[in-house]
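Asks: Using the sequences provided together with the hints, build the complete structure.
Residue strings, one per chain:
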Amino acid sequence: MKQYIRKADVILLIVLVAIELAATAVLGLQRGSGDSPAKVVIKSGGSVYATYPLGEDRTVVVPAPKQISVDGPSPDPNAEASAQYDYYNVVIISEGAVCVSEATCKNKVCMRHSSISHPGESIVCLPNRLVVSIEAEEGGGYDSITS
Amino acid sequence: MTASPRSSSSLGNSFIARVGLMAALALIFSYVEAIIPYSASLPGIKLGIANVVTVIALYKFGVKDAIAVSIIRIVIAGLLFNGLFGMIYSLAGAALSLAGMIALKRTGLFSVTGVSMAAGVLHNMGQLIIASALIEDLRIFFYFPMLMFSGIVAGILVGIASTIIIKSIK
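Residue numbers (this note's numbering), protein chains in the order written: chain A, 1 to 147; chain B, 1001 to 1170.
Misleading hints may appear alongside valid ones.
Restricting the straight-line Cα-Cα distance to at most 30 angstroms, the calculated cross-link-like pairs of lysine-lysine (DSS-like) are [as the list claims (entries may be wrong)]:
| hint | chain 1 | residue 1 | chain 2 | residue 2 |
| --- | --- | --- | --- | --- |
| 1 | B | 1046 | B | 1167 |
| 2 | A | 106 | B | 1064 |
| 3 | B | 1046 | A | 7 |
| 4 | B | 1060 | A | 7 |
| 5 | B | 1064 | A | 7 |
| 6 | A | 7 | B | 1170 |
If you're looking for bench data, these hints aren't it; they were derived computationally from the structure.
Replies: Structure follows, in structure tokens:
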């Protein structure tokens, strides 16, 4: 316990930072160009719930796939019959930007997330298992790479 | 753990008292952590001050104490402040970071700071893996570099704090 930092610590730090920078570079390359036509992909519980063009303004109510929260009221067994959902998110697409305006979860992280407008960006709501992401319209390969 | 059987031959009385004391201390740190206002746009980025207790338990009393203290702390903190999801993420992070800490400590090459730094990173990785499994979308790994950076910084700070405390409670 004589020293706060040893040689091995510094090596470990350098290795970790190198992994981090490499991951940043790889993830940065995967982001497409902001100019290409993009679509908004809304995934709920791992499967695609809906896909909309980013250019069209709309408001979407996304029900949570499985009502599994322990914090809220217990779900209604006849939920599918009623139009009301116990757990849902409201996604707003407006002027080329996407945000979550309403969420039934406790922490509201998705609501406080700033709105997204570029391919590769996403908003996630873990309690409701929602992923809203923007993807470039053309699939397969890089259309362009920006730094 | 509160309802420990009277015929607990494997769990000595001093072990139970010591772990109970450390778990209570760690729980207070968890509470302090829960009331600190962190940035809402960066979920998952925390200091993890309760891990000071885990690191000290590992270095002063051994593997068994460290594991017991973290499990008790996370389960009770989950019930009290963090919710069920927070508990699941914390347990996954703690499992990975404890395994890493025990392994790195055994090598004898690293200081408390280095071990804690690795633990900080592994803790965040464990949470990220659980999050990606729950949400069934690897897109969440876009968050990887940010979490890794915060894990390094938090781990170093926790490690330095732990080193100071370990020195003074000799």
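Asks: With reference to the structure, classify each hint as holding or not holding.
Replies: Status of each hint after checking the structure:
1. B/1046 to B/1167: holds, 25 angstroms
2. A/106 to B/1064: Roughly 34 angstroms between the alpha carbons, so the hint for residue 106 of chain A and residue 1064 of chain B is violated.
3. B/1046 to A/7: Holds, at about 27 angstroms.
4. B/1060 to A/7: Judged against 30 angstroms, a Cα distance of about 23 angstroms means the pair holds.
5. B/1064 to A/7: Distance of about 28 angstroms is within 30 angstroms: holds.
6. A/7 to B/1170: Holds, at roughly 25 angstroms.
Hint compliance for this structure: hint 2 alone is broken.
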